[in-house]
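Protein chains: 2
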Amino acid sequence: MSKVKIALLGMGNVGCGVLKVLSMNKKQITQRSGYEIEVGKVLVKNKDKDRNIEIDKEIITTNFDDILNDEDVKIIVELMGGIDPAREYIIKSMKKGKHIVTANKMLIATYGEELFEEAKKNKVMFYYEASVSGGIPIIEGLSESLTANKIERIIGIINGTTNYILSKMSTEELEYDKVLRESKKMGFTESDPKLDVSGYDAAYKLAILSRLAFETKVDINSIYREGIESIKQIDIDYAKEFGYIIKLLAVAKEEVEGVLELRVHPAMIPINHPLANVNGCYNGIFIRGNAVGDLIFYGHATGEMPTSSAVVSDIITILRRKLDFCKQYGIKMDTKKVKPIEDTQCGYYIRITVEDIPGVLARIATVFGKNKVSLLSVIQKPRRKGERFVSLVFFTHNTLDSSLKQALNKIKNLRNVNMIESIIRLETFK
Amino acid sequence: MSKVKIALLGMGNVGCGVLKVLSMNKKQITQRSGYEIEVGKVLVKNKDKDRNIEIDKEIITTNFDDILNDEDVKIIVELMGGIDPAREYIIKSMKKGKHIVTANKMLIATYGEELFEEAKKNKVMFYYEASVSGGIPIIEGLSESLTANKIERIIGIINGTTNYILSKMSTEELEYDKVLRESKKMGFTESDPKLDVSGYDAAYKLAILSRLAFETKVDINSIYREGIESIKQIDIDYAKEFGYIIKLLAVAKEEVEGVLELRVHPAMIPINHPLANVNGCYNGIFIRGNAVGDLIFYGHATGEMPTSSAVVSDIITILRRKLDFCKQYGIKMDTKKVKPIEDTQCGYYIRITVEDIPGVLARIATVFGKNKVSLLSVIQKPRRKGERFVSLVFFTHNTLDSSLKQALNKIKNLRNVNMIESIIRLETFK
Numbered sequence: 001m002s003k004v005k006i007a008l009l010g011m012g013n014v015g016c017g018v019l020k021v022l023s024m025n026k027k028q029i030t031q032r033s034g035y036e037i038e039v040g041k042v043l044v045k046n047k048d049k050d051r052n053i054e055i056d057k058e059i060i061t062t063n064f065d066d067i068l069n070d071e072d073v074k075i076i077v078e079l080m081g082g083i084d085p086a087r088e089y090i091i092k093s094m095k096k097g098k099h100i101v102t103a104n105k106m107l108i109a110t111y112g113e114e115l116f117e118e119a120k121k122n123k124v125m126f127y128y129e130a131s132v133s134g135g136i137p138i139i140e141g142l143s144e145s146l147t148a149n150k151i152e153r154i155i156g157i158i159n160g161t162t163n164y165i166l167s168k169m170s171t172e173e174l175e176y177d178k179v180l181r182e183s184k185k186m187g188f189t190e191s192d193p194k195l196d197v198s199g200y201d202a203a204y205k206l207a208i209l210s211r212l213a214f215e216t217k218v219d220i221n222s223i224y225r226e227g228i229e230s231i232k233q234i235d236i237d238y239a240k241e242f243g244y245i246i247k248l249l250a251v252a253k254e255e256v257e258g259v260l261e262l263r264v265h266p267a268m269i270p271i272n273h274p275l276a277n278v279n280g281c282y283n284g285i286f287i288r289g290n291a292v293g294d295l296i297f298y299g300h301a302t303g304e305m306p307t308s309s310a311v312v313s314d315i316i317t318i319l320r321r322k323l324d325f326c327k328q329y330g331i332k333m334d335t336k337k338v339k340p341i342e343d344t345q346c347g348y349y350i351r352i353t354v355e356d357i358p359g360v361l362a363r364i365a366t367v368f369g370k371n372k373v374s375l376l377s378v379i380q381k382p383r384r385k386g387e388r389f390v391s392l393v394f395f396t397h398n399t400l401d402s403s404l405k406q407a408l409n410k411i412k413n414l415r416n417v418n419m420i421e422s423i424i425r426l427e428t429f430k
Numbered sequence: 001m002s003k004v005k006i007a008l009l010g011m012g013n014v015g016c017g018v019l020k021v022l023s024m025n026k027k028q029i030t031q032r033s034g035y036e037i038e039v040g041k042v043l044v045k046n047k048d049k050d051r052n053i054e055i056d057k058e059i060i061t062t063n064f065d066d067i068l069n070d071e072d073v074k075i076i077v078e079l080m081g082g083i084d085p086a087r088e089y090i091i092k093s094m095k096k097g098k099h100i101v102t103a104n105k106m107l108i109a110t111y112g113e114e115l116f117e118e119a120k121k122n123k124v125m126f127y128y129e130a131s132v133s134g135g136i137p138i139i140e141g142l143s144e145s146l147t148a149n150k151i152e153r154i155i156g157i158i159n160g161t162t163n164y165i166l167s168k169m170s171t172e173e174l175e176y177d178k179v180l181r182e183s184k185k186m187g188f189t190e191s192d193p194k195l196d197v198s199g200y201d202a203a204y205k206l207a208i209l210s211r212l213a214f215e216t217k218v219d220i221n222s223i224y225r226e227g228i229e230s231i232k233q234i235d236i237d238y239a240k241e242f243g244y245i246i247k248l249l250a251v252a253k254e255e256v257e258g259v260l261e262l263r264v265h266p267a268m269i270p271i272n273h274p275l276a277n278v279n280g281c282y283n284g285i286f287i288r289g290n291a292v293g294d295l296i297f298y299g300h301a302t303g304e305m306p307t308s309s310a311v312v313s314d315i316i317t318i319l320r321r322k323l324d325f326c327k328q329y330g331i332k333m334d335t336k337k338v339k340p341i342e343d344t345q346c347g348y349y350i351r352i353t354v355e356d357i358p359g360v361l362a363r364i365a366t367v368f369g370k371n372k373v374s375l376l377s378v379i380q381k382p383r384r385k386g387e388r389f390v391s392l393v394f395f396t397h398n399t400l401d402s403s404l405k406q407a408l409n410k411i412k413n414l415r416n417v418n419m420i421e422s423i424i425r426l427e428t429f430k
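Protein sequence lines correspond, in order, to chains P and Y.
What the first sequence shows, in the UniProt record's numbering, is residues 1 to 430, in sequence order.
What the second sequence shows, in the UniProt record's numbering, is residues 1 to 430, in sequence order.
Think of the hints as simulated: they come from the structure by calculation, not from any bench.
In this text, all values refer to a predicted model and were calculated from it rather than measured experimentally.
Glycine included, C-beta positions come from ideal geometry on N, C-alpha and C.
If you only want the chain Y side, here are some residues facing chain P, beta carbon under 7 Å, derived: (1) Ser145; (2) Ser222; (3) Pro266; (4) Ile269; (5) His273; (6) Pro274; (7) Ala291; (8) Val292; (9) Ile296; (10) Tyr298; (11) Gly299; (12) His300; (13) Ser313; (14) Arg425; (15) Glu427; (16) Phe429.
Let the sequences and hints guide you as you build the complete structure.
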């Protein structure tokens, strides 16, 4: 297996997350990329800072030139954020022929064109999936999977902090100021939350998405922007009353060829629309293409792990594309076992019709118990007019399929039991 | 601009859709692929069949060898479905060095390994995004964007027909047989619906997804399968009563390394889970990765256009990867105009506090009318205890931002109007 050396610029939360992902999924990553990935150098501001992760002191440096001049480092992963010096470091790295992965939305949104130009000139790959909505593969989606479409609109809930605040205001009926204070205390919000609550963060992301979707340069200042600071509890109430919920939306539309609408502002959306269920730290992005119709991408958006998922996937993509494209078929296929259905566990809904006679329910429950089927709830439904039997409805805790079958085999032969009418599994996504 | 010739095998709904997409988005497709794509040959069974699309008779053939031996045809798009002769045609085409795009789930699920092997041997690209859930980019997601993850589970609503039937049973309180008959009549269901309603179609798709997610060969017969034929209205009712909805789920889990759970069956899911809102002809796929957390892909699944979106995007991907990878930066960027916010249209929610005096509402409504702001509804809220003012809540139809501003400028100066408290846009996704 060939080895490849990469370097990280910055070792904050996402930096630590990237190390974690590279280590915990090492087997899969090696198999998929075709390389053993070694983090050869890490750029930090302060060498002696305590970090929540084990890291070889030898590879830590405070001098960018150590990394730039290391011929073995083939990929630079920029996780510093902000414009300077990230921009300078990336350009210098490209000139040295190093491929780049970044999570820096501000940089891409403001200096993207310059950087893409530089990447092209130096024939290096430059990926930035992590810059928008953490692990949701929306950049790849727009740049690879939906290329057959003319994109007509993008409507996204793409800022975690504001969505957390609005969700909290809505469910706990609190005013904006109170939620903001609490969320600062909990560490969910930066001490200066302006970037988030005033819509700048969403605007950066919208600029990146619009550039890809509509293939146009986007001036970040051309995006209309309203924050959530003035949303009041009473309006959230009225919204609910009329079947709406308030979300901070980032909207991009091309209804007339060549003319875009680009705006970030709070908006009421119908409560039964899938985006209405995008709560808390989740993000959701609605896309309408003229061939594909309506799509929604939904997922965890904040946090070091989803972002690191995107960063590391980008690293793997670079390594794969360095190789022959046929490498994609080269992945060694395992032959994993499939568990027999009898060994699987689920909660179950079971409906049994019985004669309306005292003691039947108790006898059925006893058989369930003896066979290790633990009941979550039992409901006896009144007899329907003209029917001879009553329905007993059981919900079970997680149960082995084989235990359930055993129990039901006995139950169906019990006195006064008419029939096991329905057995349906429960899926709670836990 | 270079030209490239492709051939279609099959000219049913999806075939026609592919021609439509290639023509309506020609400008974008050419720009993104770097090629002018010409459909050079089309294989059909019956040359004289009437088709709902204009197509040059010259390129239609009933003889596959015409296509196989045409050196200029670089990409074969297989849209015939079924195993034979699709399998044979694809293998022969690969041996001739032609790249392949297919929408054939049955073929990939049953003979995938053989075909991938053949593609590798002949160094051709082989894409099949359209084989699962139409235009939802789930194949690309699993094979490219989520490669940093160990996938822990996939839970999908991936069959349109059964989801349509279950949604209809649930909303219209009809029994299975009745909905099935109606849906056949409407053309939503095949005359032999067994592939769909017994869960075979979902099992094929689950096999394809599991292969990618867990990197293992999957024997289609190892997937546990239950259909929706025995779902009764009464169980849908009870499910609702306890906060559940019934969906046909395709479930794949790897909880113990090397051992998979693979099953297709109806299941109750919590009504407030995002997948519960995947109704009618939509599909939704839930994925949990150990880095990215929970993701959902949601979109139109059936119909010629979403499927064609996937097929054509695959064609573009092949053309791009044939070229230098740097081609991705080579896309010509437009400089599109951004519409001033004043020229955009939205519905609006407006809350105005006024003194509780007769005639205020009428005067406000008159000003809205004069300024072309059309009202959808007006509600006067009773005065809250201890407050001097009452709230008037207005919902407007689509309104020009500039018209609204004009109206509000006048309204705020009206007698007895206290303040315009809130202006929030509506987004109805129409």
